[in-house]
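Protein chains in written order, with my numbering: chain U, 693 to 930; chain V, 693 to 930.
If you are wondering where the hints come from, they were derived from the structure by calculation, not from laboratory data. Don't take each hint at face value.
Reference listing, derived: stretches of chain V covered by chain U, where coverage requires no fewer than 3 residues with Cβ under 8 Å from a Cβ of chain U [said to hold, decoys possible]:
#, region
1, 783-796
2, 806-816
3, 822-829
4, 912-920
Some, not all, of what chain U presents toward chain V, calculated at C-beta under 10 Å [unchecked claim]:
#, residue
5, M752
6, S753
7, Q786
8, E840
Where is the CB? At the ideal position from N, CA and C, for every residue including glycine.
There are 2 protein chains.
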Amino acid sequence: MASWFRRRRPRVEAPTLTPRDTAAAALRVDLADLAPAPDLFLGHCAALHLTFVEQLTTAMSNAPRVADKDALARVTGVVLTRYLALVAEIERLQLDKSDIMAPHLDGVEEFERRTQGNSWQEQVASAHVTIGFLTDFWIRLAAGLPAELRDRAVAALGNGDLDGPVHRVLEREIAANPPLASRLALWCRRLVGDTMLQARSALVLHDDPARDESKIEPVFTELVAEHTRRMDRLGLTA
Amino acid sequence: MASWFRRRRPRVEAPTLTPRDTAAAALRVDLADLAPAPDLFLGHCAALHLTFVEQLTTAMSNAPRVADKDALARVTGVVLTRYLALVAEIERLQLDKSDIMAPHLDGVEEFERRTQGNSWQEQVASAHVTIGFLTDFWIRLAAGLPAELRDRAVAALGNGDLDGPVHRVLEREIAANPPLASRLALWCRRLVGDTMLQARSALVLHDDPARDESKIEPVFTELVAEHTRRMDRLGLTA
Numbered sequence: 693m694a695s696w697f698r699r700r701r702p703r704v705e706a707p708t709l710t711p712r713d714t715a716a717a718a719l720r721v722d723l724a725d726l727a728p729a730p731d732l733f734l735g736h737c738a739a740l741h742l743t744f745v746e747q748l749t750t751a752m753s754n755a756p757r758v759a760d761k762d763a764l765a766r767v768t769g770v771v772l773t774r775y776l777a778l779v780a781e782i783e784r785l786q787l788d789k790s791d792i793m794a795p796h797l798d799g800v801e802e803f804e805r806r807t808q809g810n811s812w813q814e815q816v817a818s819a820h821v822t823i824g825f826l827t828d829f830w831i832r833l834a835a836g837l838p839a840e841l842r843d844r845a846v847a848a849l850g851n852g853d854l855d856g857p858v859h860r861v862l863e864r865e866i867a868a869n870p871p872l873a874s875r876l877a878l879w880c881r882r883l884v885g886d887t888m889l890q891a892r893s894a895l896v897l898h899d900d901p902a903r904d905e906s907k908i909e910p911v912f913t914e915l916v917a918e919h920t921r922r923m924d925r926l927g928l929t930a
Numbered sequence: 693m694a695s696w697f698r699r700r701r702p703r704v705e706a707p708t709l710t711p712r713d714t715a716a717a718a719l720r721v722d723l724a725d726l727a728p729a730p731d732l733f734l735g736h737c738a739a740l741h742l743t744f745v746e747q748l749t750t751a752m753s754n755a756p757r758v759a760d761k762d763a764l765a766r767v768t769g770v771v772l773t774r775y776l777a778l779v780a781e782i783e784r785l786q787l788d789k790s791d792i793m794a795p796h797l798d799g800v801e802e803f804e805r806r807t808q809g810n811s812w813q814e815q816v817a818s819a820h821v822t823i824g825f826l827t828d829f830w831i832r833l834a835a836g837l838p839a840e841l842r843d844r845a846v847a848a849l850g851n852g853d854l855d856g857p858v859h860r861v862l863e864r865e866i867a868a869n870p871p872l873a874s875r876l877a878l879w880c881r882r883l884v885g886d887t888m889l890q891a892r893s894a895l896v897l898h899d900d901p902a903r904d905e906s907k908i909e910p911v912f913t914e915l916v917a918e919h920t921r922r923m924d925r926l927g928l929t930a
């Protein structure tokens, strides 16, 4: 069953390349060889999105002010929309969502426990770092999917704005309480290792570790650079 | 400021009554005299919806199976949609959502703590009982709002289906584990008192307690009857 989904579809070359196609082609160079089959891609990514909902609503619950609760409720809605779009792809492939998400639950829940902060600010920072990094990663990983599914998966993961509102919650909080910055910077640095391991766990590695690493390294370098930019925008040292 | 919203708007009589208008008119007889001003109605109801999101995602997080997590994620989406529609009404009235929700946070969070179950099944049952009862109540309470706002508030609270999916989660769980029924029946009975107190806390009482009670009692009798039907459908003694 799964092997059917590993079958490569012939690519139809478009007569011209739009900027988006060019970007997609560049990404395909990176992770296509290590990308999981559609069932693994979608099952893992949808299961992760359930933990993102939990992470954001825990932070929402612990946030003392209405403005922050409201912002976190709205981004929970964004993550839910992405989750529903991923499940819609699972169903379009006539796969059983329970069957394909269940094998990933333990892994993503353990990841969620390891990255759950103690204070609500740490919890928001965790959401910012882990959802940001893993969404960037999964969009790159989509390069290995059949073309149509790839486009729909990338669109699913691009639904709504999450980065902006979460950034603004943290920005307000740091401005109101500047000593928080150094604690959050340490906390966010602490998160990167677990987040990278979670991303790696989705890759299909081969018998040639040196070759695999040569594919993985440039992508992770890019993802860490994006993470660093995310921290810089908050005035935090990555 | 608040007094502005207490001002009664003249009602425009429609030439004919649709069944919906008749129902609304019947309800207006019940709670209109005890209904809070729009700012209190919307602030309290929106704050409650944030705790509904927390309640449902806690249950989702603790539910072991994907099918239940998925169902609870979807009803979280329903509650979020209702929340956003309520906040849209707050903003339409040019009120500050933080100012009008903040005074209700402590009360609704204390209510959430008191009605939070220990097991995930109790947590789902809590959501079923408390969200079901309080949504029915707030729809009746809307009878006291100016006509246009009333219609929009009732529409906001009617977005999506919450009762059906939550019922089915509990139904499956009780079928798989019949001894659970008596524990859940006790737990749900335990919830009704706190839920009725939460509802009462939204009423504006007057100097004539006997008159107030004569208005409240028939409404609460109806709401408890609806609660009993909800329990009956699950085979639980209310």
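Next on the checklist: So, against the hints stated earlier in the document, which numbers end up violated here?
Outcome noted: Violated: hints 2, 3, 4, 7, 8.
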